[in-house]
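> This is what each chain is made of:
There are 2 protein chains.
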Amino acid sequence: MRDIDQFTITQAVKDTFRTEKGSRFEQLLHGLIDHLHDYTRENRLTHEEWMRVLTFLYDCGRISTPERHEFILLSDVLGFSALVDMINSRDGATEGSNLGPFYVDDAPRMPLGADLAAGRAGVCVLVRGKVSDTRHRPLAGAIVDTWQADAAGTYPIQEQGQDKMDLRGVFETDDKGEFWYTTVLPRPYTVPYDGPVGALLRAGDRHAWRPAHLHFILRAPGMSSITTEVFFENMEYLDEDAVFGVRSSLIARVRPVREGEDPGVTTRRAPEAVVEVDFVLAPAD
Amino acid sequence: MRDIDQFTITQAVKDTFRTEKGSRFEQLLHGLIDHLHDYTRENRLTHEEWMRVLTFLYDCGRISTPERHEFILLSDVLGFSALVDMINSRDGATEGSNLGPFYVDDAPRMPLGADLAAGRAGVCVLVRGKVSDTRHRPLAGAIVDTWQADAAGTYPIQEQGQDKMDLRGVFETDDKGEFWYTTVLPRPYTVPYDGPVGALLRAGDRHAWRPAHLHFILRAPGMSSITTEVFFENMEYLDEDAVFGVRSSLIARVRPVREGEDPGVTTRRAPEAVVEVDFVLAPAD
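So the sequence lines, in the order shown, correspond to chains G and X.
Numbered by the numbering used here, the letters in the first sequence go through residues 212 to 496 in order.
Numbered by the numbering used here, the letters in the second sequence go through residues 212 to 496 in order.
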């Protein structure tokens, strides 16, 4: 190993890991080493640039907390998260989109027709939809886990003194695979802009805005779960989402409720608009 | 951007950064995005694997402190640091090698012949050498900044209650470009093995040992500085350095001092062995 050079070092590093031949661990590790080394050689990285990369990662670590994962944010703004979503989308199923940093896994169970936004300002919208499989059969008892920002573009979890469970809810579809609830229309917001990732965006003259959206995780027995987002037609930033989450198939229309219209479902609060969102799950492997 | 797919997203991400055309920032950023995206596509990373990578980086951040830079360690064990050293080595000059995590930039100035290891156990060795340019002309007044582990393989900075400046010193070469001092022969040691990088090494059934070495930074007016290491012939781990720092040209011989031998230089402490280390600096750009 004392005679390695800038070309033979890559194989030498891979050889030191005694991984199982053909294993997934070997594949992922060797691929990462190959790409990092190629990148370094192709660009003839200087010591100063190398140290800048490591200092950037160190700074991302320093600002991270259980409530703020700067590395997820980095992955988001470099399109790495969106790419993983795209690669793992299943034929015929709803496309995946960013999980984001604000999910909590123990949001309250709610009855159909509940209001997620009790007492909050904003346009009251009826969100209604259906969960079905790739052969168009409704999935009864599917779990619809949703969370969102408020009409000011803020997640309650981001603000001190707010109930972090606000604007979150878990619903179960009825016999026809349908679900519905009311909430307020969320607003666009910026991803955190005050840390190392924000500095990277500023260095590249990039804004940090995301178009308004609702988050969803869909689950049903025997089906592949999907993490995705729903956006709204004709709204700001649809074509310049800072984290590359928008897909044409995920953009819904916000339709005003007509005078005297019967929405056909019972809700606690009378909606001013309706958004229809249908989800399709593929069978689990 | 709502119609990007797993192949077109890479260009879309690059386009959002409004970098100066042809700038180094653009080159490094685009190269990184290309490699990360290629890696993700080639290996069809799952959400679980993606999250594992991000959690690994998060954990590296959590264990890092100003005295412990887990990202440098990660770069070291993946051969990334060594590769940067190799790429930046200059023709005819001494080869570079790992800076490592234990350098401090304000070590004490010492007179030629001083003992770095006052009061420490171990084999007392005379380190003597010359600093010259690539045309073999001695460099008078060159700065030789050195640090090392003790005879137990520990850096004083790693242990509470020790003087962190022990086993460090800054010398200036004399009119002939020569320098000399005594110290104790260092021992092999393991890089930190208790964090996420240690877990990675264990997952790959890799040890964490480094062969014994002395660290050096060499500086002279008008010359390119060099960060390097000196290893010792026939010692353990020379061909399996956990951080890939060894080069044939950096291995020195430890020669016992013969009975009644005159070393030709004055030292505070009488050496039991001699190590000769010559350094060559290339002109600065």
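Each hint should be verified, as a subset may be incorrect.
[Unchecked claim] A few chain X positions that, by computed beta-carbon distances, are all more than 10 angstroms from chain G:
| no. | residue |
| --- | --- |
| 1 | E260 |
| 2 | M376 |
| 3 | E389 |
| 4 | V488 |
[Said to hold, decoys possible] Listed below are the simulated EDC-like cross-link pairs for lysine to aspartate or glutamate, each with C-alpha atoms no more than 16 angstroms apart in a straight line:
| no. | chain 1 | residue 1 | chain 2 | residue 2 |
| --- | --- | --- | --- | --- |
| 5 | G | K225 | X | E451 |
| 6 | X | K225 | G | D302 |
| 7 | X | K225 | G | E451 |
| 8 | G | K225 | X | D450 |
| 9 | G | K225 | X | D416 |
[Stated by the list, open to error] Computed footprint of chain G on chain X, listed as stretches where at least three residues anywhere in the stretch have a Cβ under 8 angstroms from a Cβ of chain G:
| no. | segment |
| --- | --- |
| 10 | 238 to 249 |
| 11 | 343 to 356 |
| 12 | 438 to 452 |
| 13 | 468 to 480 |
No lab work stands behind these hints: they were computed from the structure.
A virtual CB, placed ideally from N, CA and C, is assigned to each residue, including glycine.
> Each of the hints needs a verdict: does it hold here or not?
Hints, one by one, checked against the model:
no.	hint	result
1	E260	violated (7 angstroms)
2	M376	holds (23 angstroms)
3	E389	holds (27 angstroms)
4	V488	holds (16 angstroms)
5	G:K225 to X:E451	holds (13 angstroms)
6	X:K225 to G:D302	violated (27 angstroms)
7	X:K225 to G:E451	holds (13 angstroms)
8	G:K225 to X:D450	holds (15 angstroms)
9	G:K225 to X:D416	holds (12 angstroms)
10	238 to 249	holds (count 10)
11	343 to 356	violated (count 0)
12	438 to 452	holds (count 5)
13	468 to 480	violated (count 0)
Consistency note: the structure conflicts with the earlier hints numbered 1, 6, 11, 13.
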